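For the record, the sequence lines run as chains G and H. Using the numbering used here, read the first sequence as starting at 1 and increasing by one per residue. Using the numbering used here, read the second sequence as starting at 1 and increasing by one per residue.
Note that these hints are calculated values from the structure, not bench results. Be a bit skeptical, because a hint or two may be false.
Here are some of the chain G residues that sit facing chain H, going by a computed Cβ distance under 10 angstroms [said to hold, decoys possible]:
| no. | residue |
| --- | --- |
| 1 | T77 |
| 2 | T211 |
| 3 | F235 |
| 4 | Q420 |
| 5 | E422 |
Here are the computed distance ranges between Cβ atoms for each label pair [to be verified]:
| no. | chain 1 | residue 1 | chain 2 | residue 2 | range |
| --- | --- | --- | --- | --- | --- |
| 6 | G | V164 | H | E135 | 18 to 26 angstroms |
| 7 | G | Q329 | H | F46 | 36 to 44 angstroms |
| 8 | H | W265 | G | G243 | 47 to 55 angstroms |
| 9 | G | D351 | H | F55 | 21 to 29 angstroms |
| 10 | G | V164 | H | L137 | 21 to 29 angstroms |
| 11 | G | P152 | H | F344 | 41 to 49 angstroms |
| 12 | G | G99 | H | T32 | 18 to 26 angstroms |
| 13 | H | N56 | G | S319 | 43 to 51 angstroms |
| 14 | H | W265 | G | K149 | 46 to 54 angstroms |
Remember, predicted model here, so these are calculated numbers, not experimental data. Idealized CB from N, CA, C, for every residue including glycine.
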Amino acid sequence: MGSRFFKPLLVTFGSAVIISILLLPLQTFAAGKLVIVTSYPPDTTVTVGKAFTKATGIKVEMLKKKTTAGIKYLQATAKNNTSDMFWASAPDAFEVLKGDDLLQKYTVKVTGIPKKVGAFPINDPEGYYKGFAASGYGIMWNTRYLKAKKLPVPNSWAELERPVYHGHVGMSAPSRSGTTHLTVETLLQGKGWKDGWAMWKNIAGNFKTVTARSFGVPDGVNSGQFGVGIVIDFFGLSSKASGFPVDFVYPKVTTLVPANIAIVKNAPNPKSAAAFIEFLLSPGGQEVLLDPKIRRLPVNPKTYAKAPKGFPNPFEDASIGSAVKFDLQLSKSRYNVINSLFDVMITYRLDDLRAAVKAIQAAEAKQKGKSNAAASKLIAEARALVSMVPINEAKASENSFNKIFKKKRKKKKDKSTGRQAEFEQAWDTQIKANYAKAKGLAEKAASM
Amino acid sequence: MFPISGNNWPVVALALAIGLFLFVFLILPVVTVVFVAFQDPNTGSFTLINFVDFFNNSLFQESSLNSVYVAFMAVVVATIISLPLAYFTTRFNFRGAILIQTLGIVPLIMPPFVGAVAMLLLFGENGSVNLLLSEWLGITIPFMEGLNGVILVEAIHYFPFILINLSAALLNIDRAMEESAQNLGASGIRLFRRIVFPLAMPGYVAGASLVFLKVFDDLATPLLLNINNMLAPQAYLRITSIGISDPMGYVISVILVAFSLFSLWVSFLALKNKDYSTLQKGGGGLMRRDLKPWELVGCYFVIIFILFLVLSPHIGLALLSFGTIWSFSVFPDAFTLAHYADMFSSAGQYIWNTLLYAGLAALIDVILGIAIAYLVWRTGLVGRKWLDYVSMGAVAIPGVVLGIGYLRTFVEFNVPIVDKPLASWWVIIVIALAIRRLPYALRACVAALQQVSVTLEEAAENLGATKSRTVRRIVVPLMTGGILAGFITSFATAAVELSTTIMLVSAESDAPLAFGIYEYMQSAAGRGPGAALGIVAVLIVGIAAYISHLVINRTEKQRTSSGIRIAEQVGAT
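Throw the hints in and build the complete structure from the sequences for me.
Set out below in structure tokens:
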């Protein structure tokens, strides 16, 4: 090849290659580091990691993956595992890993951690993963945005259904974010299948967007792309602590669930991994969670004495997270079906849904104060069409039905009938028609 | 097509070596993943039912339409941006040319997802521009609403592909052609339409098809703008959220590949049977003329407007990196250097990794690009076109799919000396980047080679030069501009690539810049430091490109062939 042309490039990059090859033994030598696969941002991992290294002298390597990607990564590399720990929020993710036999049992030595937070057990009863912090779901808002658009401050889910919030609310999709899935499931369990879905659709009718990443929601609220977001507490609390003009509230129907950590099966450094869990649950480790950049609810009740004023304390304030008794088994039994339903009915049909809900809101505003029975009937019909769900609660949890939506066939000979794409297409056709019809009815009602 | 000399075993060996590389690192991983598309989800047997499901699904139909629409509109907008820039710089004598060549390439060297963040802050519904508009005029313009946002961000990000290739092509046109046309009485529009534009066609088509394909399978931008109803995001969302039992994500990947191959084939057809090469390389470039004062003002006005638009992601990012809190306001509340201090503690490793990975990947790319271009256009090797098709196919493989494929294929293959699975060794990132960016370098090399007349090679061979000597001393030097353009494009875009690396980074110490920025951007307090790291990324890539330009320039100072001028023009980043 053209030597005169390539010489300078070859020299530059050739030397780069040589230097990096020289550096390689060093990298291999440092392989004794504790490797943690985590879904947490550097604000959390770096702060906790530094405190841990300071306390124990053990070096940590954080491997950042989205929860779902982290599961896939551990599954893909299981045969030649190089990771020590998995550290993420959603208990469901740990259930999946536990089901695949990818976690190692561990018994904690630290004392002083209660059995439950809210209505939820802190640790896995079987001992595979441990809760280190509690998280609840709620509403955050941008104070400048609300002021500029003259919107009231919301403090319950029901308020987000009001027409005044149309186009101002943001949320992530349950299929994209484990924490959002818990929020959706909590409301369904708290309000019941039918009313729960009706409420989600009415709120979704006010959505500005459905974000693809769970952090997309606090990001959107922080930068003012939309005014109100449905988020996990620490997103709201840490945004506020970082100086953004935002605030956060727990609505009545919420659940507190533990954020977890577990040791991966066949971990290269099991002793260091155990030390990390012990550190995280020790008073010193729990205190790190109060750092303004992290702002998670510690599971050790004593740590709250050091919390800033106004910091929510679920061990004292019984109203947080106790209204719903979260049923993890129920949630697990329909996990993928809920994701699919939400995506078909809300995420991918957001424009149609918004149009229908907007028309209903307009019709209601027009008919307000009048007693037009025919119009009210049409509006009620339209509402029923919007809130319709293609399957009932029993079907959603049916084992054979869920298999179609299951993440993977465990064995080659596993069989199920029907295809997810087939069902989703049928649902989509029905939902699209319903939304269009509801819009028509509402417009008719408005013109009466 | 061209006569093959009897002794052509080195050519065959070269083709086989390249073929093997592509097979192992492109075809095999993709096939392991694509396999699922043809698998019955219930029984595991071979089936086409998944494709039936795809075409029956209204969401997927809508997504397909949206993807085509967005890709097409992005090409249109990118052409509108790059045409005046390319025309002014090659046609007129004025100092703004350097400004354009320098700043016109900067948009490429920023991860598109970072650009989207900045664009939202500036042009979003409650971004700076709309806040000002609604205050002054009571209106807002939906720049970033729905598909508009994707089109705008993509066009601004990828238009340099058209600009680079079009400028290189315009500069490479033989002045004699234009003079002949003028002597024969053509001028103005007619001259442009009949002579200049057709001669620049290979460059334009190369650039435009790259933009089309890139936008068609770009994932990060629509995701960041929360647009789900397009094919690439659908594939990604399916694969990452539903998983392997649902084959639709893989079906979409197959469709993406098929569609991209089809559009490439169409662009090949469009250029087929046309000889765009020019024989004489004495007077490269079109004639330049001086501008009249009022024309100069007009030119500057247009250029400054366009540059402001295309640099807005950088302006937004800079504001973000120096600002304290930027929320629902025209500008940040106050300015600070704290984000840079925060960021610098961890940036060193990211920067070194990025230079190493992107540099190696781009080097692999230009070598492969020259070799493949030569094999395809200058030899009669059976099946040679497939090297081109396969390499270009890489452009249509969503990064995530390639990443998953690599994880699956190479996790059990232990690299001897380092004793690590290949899938978690940093070299795999380099290979992934090289594969992902090969199409850029290849297109540039092909376009450059097409403009070198084969008669020059025949002349060299008639004078007794061997084939390899001809390639070394005649072909490659004449292709320098295109090669350099290819190297810089590959390097710059590899340096900001995220979708594959996000799957393949197995240790923080192996992470490149884009990965670091992405990580920072996932927390409220990390937005500022993330933006600061983004600015560093832009500077690094810009400086690296500039240095490589200087180095090459100095070594070749004595030479006076038109290749140097092209290098100067195209490489002046």
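Here is how each hint holds up against the structure:
{"no.": "1", "hint": "T77", "verdict": "holds, 6 angstroms"}
{"no.": "2", "hint": "T211", "verdict": "holds, 5 angstroms"}
{"no.": "3", "hint": "F235", "verdict": "holds, 7 angstroms"}
{"no.": "4", "hint": "Q420", "verdict": "holds, 5 angstroms"}
{"no.": "5", "hint": "E422", "verdict": "holds, 6 angstroms"}
{"no.": "6", "hint": "V164(G) <-> E135(H): 18 to 26 angstroms", "verdict": "holds, 22 angstroms"}
{"no.": "7", "hint": "Q329(G) <-> F46(H): 36 to 44 angstroms", "verdict": "holds, 37 angstroms"}
{"no.": "8", "hint": "W265(H) <-> G243(G): 47 to 55 angstroms", "verdict": "holds, 54 angstroms"}
{"no.": "9", "hint": "D351(G) <-> F55(H): 21 to 29 angstroms", "verdict": "holds, 22 angstroms"}
{"no.": "10", "hint": "V164(G) <-> L137(H): 21 to 29 angstroms", "verdict": "holds, 25 angstroms"}
{"no.": "11", "hint": "P152(G) <-> F344(H): 41 to 49 angstroms", "verdict": "holds, 43 angstroms"}
{"no.": "12", "hint": "G99(G) <-> T32(H): 18 to 26 angstroms", "verdict": "holds, 24 angstroms"}
{"no.": "13", "hint": "N56(H) <-> S319(G): 43 to 51 angstroms", "verdict": "holds, 49 angstroms"}
{"no.": "14", "hint": "W265(H) <-> K149(G): 46 to 54 angstroms", "verdict": "holds, 51 angstroms"}
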